[in-house]
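Q: I would like the entire structure built from these sequences, with the hints used as guidance.
If you want the building blocks of each chain, they are given just below.
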Amino acid sequence: MKRHVRLLRTAVVGGASLAMTLALAACGGSGDSAGDGSGEIHVLVYGDATNKVEKQLVDTFNRTSKVKAVLDTIPGADYQSKLQTIISGKQAPDLFFNWGGGSIKPYVDAGLLMPLDDFIAKDPGLKSQFLPSVFNTAVVDGKPYGIPMRGTQPVLLFSNKKALAEAGVTAPRTWDELLAAVKALKAKGVTPIALGGGDKWPTQMWFQYVYDRVAGPDHFQKAVNGDKSVWASADSKRALGMLKELIDAGAFGTNYDSVKFTDGGSPALLATGKAAFELMGSWEYSTLQDAYPDFVKSDLGYGTFPTVEGGKGDPANLAGNTNNFYSVLKSTEHPEAVAEFLKLMYSDEFVKGQLGIGNLPTTANTPKFLDGSASPAYSTYQYDLVKKAPAFQLSWDQAYPPAATTTIHQAVQQFFSGQTGPDAFIAAMQTLPAA
Amino acid sequence: MTTTAVPTVDSAEKSARRGRPGGPVTGVGRPGIAWAAPAAVFFGLFALVPLLLVVVLSFTRWNGLGSPEFAGLDNWSRLLDDPVMVKSLWLSLVFTVLGVVVQTPLSILLGVWAAGRQRNRAVLSAVYFVPLLLSITAVSVLWRAVLDPNFGVPSQAKWLFGDGNLFGTQAGAIGVLVFVSTWQFTPLHTLIYQGAARAVPGVLYEAARIDGAGTVRQFFHITLPQLRNTVVTSTILMVVGGLTTFDTVLILTQGGPGTDTTNSAYYMYQKAFKSFDFGGASAIALLLVLVATLVSLVMVRLTGYDRMRSTMEGV
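Chains as they are written, first to last, in full-length UniProt numbering: chain A, 1 to 435; chain B, 1 to 315.
These are computed hints drawn from the structure, not numbers from a lab. Source: prediction; values computed, not measured. Cβ atoms here follow ideal geometry from the backbone N, Cα and C, with glycine treated the same way. Warning: the hint list may mix true and false statements.
Said to hold, decoys possible - In silico PhoX-like cross-links for lysine-lysine, where the CA-CA straight-line distance does not exceed 20 Å:
hint, chain 1, residue 1, chain 2, residue 2
1, B, Lys-274, A, Lys-82
2, A, Lys-183, A, Lys-162
3, B, Lys-158, A, Lys-274
Said to hold, decoys possible - Computed footprint of chain A on chain B; a stretch qualifies when at least three of its residues, placed anywhere within it, have a C-beta under 8 Å from a C-beta of chain A:
hint, segment
4, 139-150
5, 192-206
A: As C-alpha cells, then:
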C-alpha cells in the first residue's frame, strides 16, 4: 500500500513538474550564485499600476547590492492561482506579494515560509516602523510572516453630496439615520446605495461592517479560528436581520447583481447621481479621480461606517485590506539580501513613491510626507483613521484561506438576492475551513 | 500500367479477406504504422498522458502544494453527494440543447442564403463572419458593457428588459450566455452550411423546377435532405462546444447568480483554481469526459454518423 502511494505520488509530481517545466522553460532559469556573494533574488508582485514604485525600489536596491533583485509580475486576477502553482516548485520566487492572513496560511502550513523573527531581531525597524494593526495581519500562529509593502485600503462609505442634499439628508452617523436616508432617497427616485453585486466582494463589505458593529471584532476572529458556533449566535442573527431590513427597504435597488465595480458600473452610478452612497475600498477615490475628476472636486463625500446602537463593535473599527505584504520563502539562497531589500519598505523613498501614486503607506514616517501626496486631505484622513482604529478587520475572503472564497462569495450573494435566508447563510459559513 | 496494378490490388484485397494482417502489401502505397507516429505521439503526450494523470489525481487530495495524498474514493463520493455537481451537469445539458436549438435553424437559413452567388450576399456573408474572428474574451467583455443595466441598452429599452437585472436571475443569465455564444458561433456553422449547400448538384433543382416545385418546396425537399450529413457534423461540433462552454461563463457571469450558471466546466475550474481542490476538480473533469463520451456515442448511433451514407445515391 505504502509503495503504491509513493509510486502514485512520484507519477503525479513527476508529470506535473514535467508539464510545468515545459511551460516555464521559456521563462529562462534564474541565475545561480557562484558562491562569491553575487546572485539574484526574485521578487514576485501583483501586476498593476503600483509596479512603478516597486520597479524604482528594485533599481535603488540594485545600485548598492551585489545580489541583484529581479521584479516579476503576474497580472491581477490570476495572481493567486499562478502563485499557488509555482510556489512549491523550482520557479518559486524568493519573496512575494500577498494579503497576509488566510492568503499565506496554507503556505505556512506547508512549511514554505520563513518566520521573520530573525530579521526583526537584527533590525527592529522591520516591526516597529509599521502601524501595529497593519503589521499584525501577517502574523500567523503567533509568528510574523510579512512586511507591509504597499498602501492601506480601509473600506469607507462614499457619497454623492449633491444627491444627498437634493433628498434633504446628511451623511448618516447611525444605522437608523442610514435607514431614514434610504427612505428619503428612494422617494426621490434615486437608488440609495450603489452596489457592484456582480463582483460579489463588494456585497461582502456590508457583512464585514455590520458584523463588526453588532458583534465586535472578536466574533469574526473566533469564527476564523475554527469556532463555527459563533455564526449561529444571537449577534450573528441580529446582524443578518439588519442587513435583510436594509435590502428589503430597497437600499440597493433591484438590479445590483448585474452591476459590477470592476467594469466601472457602480462608481459611475455614484458619480452621475443615479445612486447616493457606495461602500467601497479607499481606492474608490483614485478610481473616481481618473474617470470623474470634476465630481471628486465638488461632490464626493466620504466617511466611516455608521454606528449601531447596542452593538459591541467600536465605531472607530475598520474593515478592508490592511495592506499588502512581502513574505519570504524558506528556500531563498540569499536571506541577507532579502532582509536588506525589506528595509526599503519603510524608507523615505518608498513612502514618497507610494504617496505619489495615491497609495497610503502605513509606516511611522508616513505623516512627514502626507503633504506631498496626490490628495493630502484624503490621505491624512485615512492615515488618522487607520492609526486610531482599535481593530482593523481583514476582508473575510482574505482572512480565510483561498479555498473558502467561492463559498463566502456565493453565500453573501444569495443572501442579498433573497435566494437563501439567514439559516442557509449560517450553514454556508459553518462549512468554511478554519484558517 | 494496368497489367501490373490490377493484380496487386487484387492480392491485397484477398489477403485482407483472409484476415492476415501483416501479409505482404506491396506496390500500392498503403501507409505503414510509422505514418501515424507523429499524430500518435502528440495525442499520447497531450491527451492520453494528461488524462491518465487526471485519473490518478482524482483519487488524491492535493492543493498544489507538496505531494498529493492518496484519498481513495473520497473525491468521488463527495462529488455524487454534491448538489452543485448535479446542477452543473444539468446546466451543461441546458446550454448544449439551447445552443443547438437556437443556432441550427439560424445557421442553416443563413448558410443556404449565403450559398447564392449574388454579389451582395458575398459581401454580407463576409460581414457576418466577423464575430468569429474576435476572441471570446473580447466579445464577452463587450456584451457585458452593452448589457449594463444602468448605462447600456437595457436602460434605454425598459419595456423589454424591465429593471435590466439580466445577470441577477437564472433565466436572464442563461439567456445572455446562449445569446452571446449564438452571436459568436453562428458564423462558423453558417460557413459549413454555405459550403454544403453549394455542393448540392444543380440538376436536382432543375428537375424540381420542371416538376413545378417553388423555392420553399425546393428548400424542404432538396436542400434540407441534401444537408443531412452536414447537420450531423455541425450538431456534433455544437454539442462539444456546448458541453465545454467556459469562457463566456467565466467572463459574463462567473457562474452566478449563486450557482445558477455554474456548468460543469466552470465548476471544475472553480474547484481547481479558486478552491485549490485539484482532486475534486479532477473527478469532475473525468465525469465530464464520461458524460461527453456517452453523449457522442449516443449521437453517432442515433444519427447514423458511423454509417454516413452518401446523399448522392442515384444522382
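Q: Next step is simple, just say for each hint if it's right about the structure.
A: How the hints compare with the structure:
1. For the given pair, B:Lys-274 sits about 11 Å from A:Lys-82 by alpha-carbon distance, which is consistent with the 20 Å threshold.
2. Distance restraint check for A:Lys-183 and A:Lys-162: the Cα-Cα separation of roughly 17 Å lies within the 20 Å cut-off, and the hinted pair is therefore satisfied.
3. This hinted pair checks out: B:Lys-158 and A:Lys-274 have alpha carbons roughly 16 Å apart, not beyond 20 Å.
4. A stretch counts as covered by a chain when three or more of its residues have a beta carbon under 8 Å from one of that chain; for the segment 139-150 of chain B and chain A the count is 7, and the coverage holds.
5. Counting residues of the segment 192-206 of chain B whose beta carbon lies closer than 8 Å to any beta carbon of chain A gives 0, which falls short of the minimum of three for the stated coverage.
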